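J.: Okay, here's what each chain looks like letter by letter:
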Amino acid sequence: MKELTYHRADDAASAVALVSGDPDARFLGGGTNLVDHLKLGVTRPGTLVDVSRLPLDEVTELPDGGLRIGTNVRNSDLAAHRAVRRGWPVVARALLAGASGQIRNQATTGGNLLQRTRCVYFQDVTTPCNKREPGSGCSAVGGYGRYNAILGASESCVTTHPSDLAVALAAVDATVVVLGPDGERRVPMGDFHRLPGDRPEQDTTLAHGELVTAVELPASAAARRSTYRKARDRASYAFALVSVAAGVELDDDGRVSDVRIAWGGVAHKPWRAEVAEAELRGRFVSEESVRAAAEAELAAAVTDEQTAYKVPMVRNLTALTLTSLVEGAAR
Amino acid sequence: MDAEITLTVDGEQRTVTVDTRTTLLDALRERLGVTNPKKGCDHGQCGSCTVLLDGRRHLTCLSLAVANDGAEVTTAGGLRGADGGLHPVQQAFLDQDGYQCGYCTPGQVCSAVGVLEEIEQGHASHVSDDLEADPELTDDEVRERMSGNLCRCGAYVGILGAVKQAAAASSEGGAA
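Same order as they appear, the protein sequences are chains A and B. Counting from 1, position 159 in the first sequence corresponds to residue 159 in UniProt numbering; the numbering is continuous, with no gaps. Counting from 1, position 39 in the second sequence corresponds to residue 39 in UniProt numbering; the numbering is continuous, with no gaps.
In case anyone wonders, no lab produced these hints; they're calculated from the structure. Mixed in with the good hints there might be a few duds.
Just a sample of chain B residues kept apart from chain A, beta carbon distances all over 12 Å, derived [what the hints assert, rightly or not]:
1) D10
2) D19
3) D42
4) L94
5) G107
6) G114
7) H123
8) A168
Covered by chain B, per the in silico footprint, the following chain A stretches (three or more residues, Cβ under 8 Å) [claimed, not checked]:
9) 2-12
10) 83-89
11) 100-112
12) 247-256
Predicted model only: the values in this text are computed from it and were never measured. Ideal Cβ positions, reconstructed from N, Cα and C, are used throughout, including at glycine.
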């Protein structure tokens, strides 16, 4: 690890000024991912600007029924918050499906969205990886590919985004509040993460030095009737093979009036399944109808022998998630 | 870059100058001689470095020491029962044979103390049917909540029993 200058930020604006003025500087939040990457040599900043003590750790109920979550709210506190459990169960469920109790006490809301891929090649500095070292090549193509993307991948990068929370936030149409040198801007969750294209080193649409200060959740009937399901290699403390964040609102006849479906483990960003949503609107929720809707979304999937399992897995998990929501199952 | 930090470790205030790259775990073990938290994987995967940090269970391998200046650290060795003897969680690990080699045990014990506090506060888990109900400490709940602590000896059956014994002791009004 190279020499490291450490600053504890006094306020958000000075933190942004410090990092945006220094290409070699990074923000430090909870540190669960960044500190590991310092040790592994995945990232080698010269300066860390610690934002973890900035007073951005409140959950505030907004006048329109929404919720504003400060970036430093810890994952465990967000999952336990009464308003989140009641109004956005998909968010609480996604958080509780991620990491461990200890890590949830440490990891922050903004940091969760900014965590990097767990692709084994990205984390192994002895192998080529376009995300870690642009232009070096992709070892995951033709390598160990079980976790690779099936939607929206590119020749330069086939990895997936590891966050559970981000998938839930995509489903409920969250907004990310960002502070930059020129002031604040608001980024819809769907525009926050990006597909790899030929710049896989860029996970998000943030510029260097822009700081996530909050995430806002709009209230909706579909968010109130929502949940998160995750398929993984062991029952707990593992990243998703695939995951489904879903919410639904039914009209008086029991037909879908609003539905939100987002998938994790399938792409470089949380994948909002808009084709599937459109297929389901106005229809009854059944195993058959949801499977058909998911199939329509998955028509664009590109798989190989290592990732082919993800297509039926995400289709079936989506059907299970939505049918259980409509039947009123607890989770 | 060096930085001077002060930590309260098991009730004792300690000041030390550390390189900014030093993790909290290395500061405790290598600089302060507090070897109760163990270094297992050093990547946040095994839980053996778990302590109570400002009262909550927390890894020490994925934190920089400098970022934790002023923190209060309680290791498994710093836990005490209400009578000054063994903490109910420590006693439960003994009674239930919740270990074999013992390397993961300080982390398991700190994590279990954290679990009991989270239950007390009504926090749901991934396996809770109802996000808003008071959680019941079933076997599945204990397994899920303790999943961040690995035991390579496989003493999980004893660990499960220990957490349940300690939970029963604390719900009877014992110290926790």
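J.: Next step is simple, just say for each hint if it's right about the structure.
T.: Results of checking the hints against the structure:
Non-interface status of D10 of chain B relative to chain A is upheld: no Cβ of that chain comes within 12 Å, the nearest being about 19 Å off. Residue placement check: D19 of chain B does not keep its beta carbon more than 12 Å from all beta carbons of chain A (closest about 8 Å). With a cut of 12 Å on Cβ distances, D42 of chain B falls inside the contact zone with chain A, its closest approach being about 7 Å. The claim that L94 of chain B lies off the interface holds: its Cβ sits roughly 23 Å from the closest Cβ of chain A, which is beyond the 12 Å cut-off.
The claim that G107 of chain B lies off the interface is violated: its Cβ sits roughly 9 Å from the closest Cβ of chain A, which falls inside the 12 Å cut-off. Not every Cβ of chain A is farther than 12 Å from the Cβ of G114 of chain B; the closest lies at roughly 6 Å, contradicting the non-interface assignment. Non-interface call for H123 of chain B relative to chain A: violated, since the shortest CB-CB distance, roughly 5 Å, does not exceed 12 Å. Every Cβ of chain A is farther than 12 Å from the Cβ of A168 of chain B; the closest lies at roughly 20 Å, confirming the non-interface assignment.
Only residues whose C-beta sits within less than 8 Å of a C-beta in chain B count toward coverage, and the region 2-12 of chain A has 5 of them, enough to reach three; the restraint holds. With 3 residues having a Cβ less than 8 Å from any Cβ of chain B, the region 83-89 of chain A passes the three-residue criterion, so the hint holds. For the region 100-112 of chain A, the stated coverage by chain B holds: 6 residues have a C-beta nearer than 8 Å to a C-beta of that chain, and at least 3 were required. Counting residues of the region 247-256 of chain A whose beta-carbon sits less than 8 Å from any beta-carbon of chain B gives 0, not enough to reach three: the coverage restraint is violated.
Of the hints listed earlier, those the structure fails to meet are numbers 2, 3, 5, 6, 7 and 12, in rising order.
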